[in-house]
Amino acid sequence: MNFPPSKLKSMRLFLLLIPYFLFANSEIIKTNKGAVRGFQKDGLSIFLGIPFAKPPVGDLRWRAPQEMDAWKGVKDCQKFSASPMQNTPAPFAYWSEEYLIPKEPISEDCLYLNIWTKKTSKPKPVLVYIYGGGFRSGGTACPIYDGSNMAKEDVVFVSLNYRVGVFGFMSHPELNKESISGTSGNYAILDLIKGLQWIQQNIAKFGGDPKMVTIAGQSAGATAVSILCVSPLAKRLFRGAILQSGALGLGLALPNQELAKQNKERVEKLGVQLAEKLNASSIADLRNKSAEEIQKANFGNTSPYPDGYVIPFNYKDAYLNGKQNDVNLLLGWNKDDRVAGKPLPAEKYIEQIKSRFKENADHILSLYPGKTDEEAYRSQIELGRNESFGSKQYELAKLQEAKGKGAIYVYRFNRNIPAYTADTQFGAFHTGEVPYAFQNLHIVKRPYEEADQVLSKQMSSYWLNFTKTGSPSAPNLPNWPAYNQKDKKIILLDTKVEAVRIPDEKQLEL
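Residue numbers (the working numbering): 13 to 522.
A couple of the hints might just be wrong.
Here are the simulated lysine-lysine pairs, PhoX-like style, with alpha carbons at most 25 Å apart [what the hints assert, rightly or not]:
no.	residue 1	residue 2
1	131	247
2	223	247
3	91	131
4	289	410
5	469	131
Simulated from the structure, these hints should not be mistaken for laboratory data.
Based on the sequences and whatever the hints tell you, model everything.
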């Protein structure tokens, strides 16, 4: 077919302009391994799915994350990568809601990070978020982890994927032998350290200041943050830490080498049993199994353990000897953080306490009473909350004050989150504070009120101020005093935000 010269000229011009139309709202930045293409939206530059390590698949399954090879051309980073392979649902999300579910499929090929930033003349502080999920599920693609509204307030917001479940924590004698450290497991924590190293090397290209990195996490993510605060491998990778409903507990304070050895053998035995369950005679055989086969087996170590390499055998001693990463801490937990399902009636609750605590039962019941079903119900929530969350963070605050130089800021999130129905009223439930802290209430379909919008603005301002200055306080906010063991002042986050003495110190001390 013959076209007139004028039409041919128009067609050539159209073809030349196609790349412009396709990428008019995109942005290209060159990292230390190659160029990545993000997109622009609402004044932000957003990069989703930037690889920070080689895919941990095949022979790299159950190995420390490996340095990426450089690539040619431009890598498209305009959508979330897959979420990590998951063993079982998160143990605390029995109220599961849509906004907690990653929007992408799951895959072993998951070591990617996401960045939200906007152009400014000065390098900006960096807030790195680590998701929760009991170390068995989760992913950066959960809608409530969107970093847009935080990035609009002049921080660079980063979220990191890490391996979960048996893919993130598998331990086995064969894996010990092939490791330079002589240990195995805790790959998920090594993933996070690798991601933080990538940030140190590259974040300046995205407008961030590598000397002003704050790490934040919720639930298992907060426990990961507490591990990074004590791991010698994470030295000088961050200057502040935010822990929401999670921290290392005294169960990881192994008092001697013999107990550490027994614990190491325990987690390795789980790996041996996984191999037996899948009829694998070696780690090579296990690596040849599909991820789906391993996931279906639902066996093996699925959580961090003190290996003496990534995690000290006794994190408490690390603090008492001043070996922690001494940074400012912002930490707290929710009024209704809980791990239990349906509560027991008063009679059964008292029987359970007497069975568990023997001669100490009366003391327990004096602080967690159960004379009526209603009283027993509240006590079960508070006991579960303090055992699983409150006591760990309370202990961490005490340890940091005893030997650290970094300031400590403690909160309690008390807002009873508006419910759809009576059946979805869980009070100030686990994970419920996350949309408030990141100004993402619009993502959640709960019937929020004006008071919730105000609280979200205050919380996110506290989080932003801490990231920028190391202190959450500012003249336009209720003062948040630094915590100490004498005054025990915390900030209460509710429809009224105020500084108060910690309300249940006797229960926490117990």
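Tested hints:
1. Taking the CA atoms of residue 131 and residue 247, the gap is about 29 Å. The hint is violated against a cut of 25 Å.
2. Note on residue 223 and residue 247: the hinted pairing holds, with a Cα-Cα distance of about 12 Å set against a maximum of 25 Å.
3. Between residue 91 and residue 131, the direct Cα distance comes to roughly 21 Å. Compliance with the 25 Å bound is thereby established for this hinted pair.
4. Proximity of residue 289 to residue 410 is assessed by CA-CA distance (about 44 Å); at most 25 Å being required, the pair is judged violated.
5. For the given pair, residue 469 sits about 23 Å from residue 131 by alpha-carbon distance, which is consistent with the 25 Å threshold.
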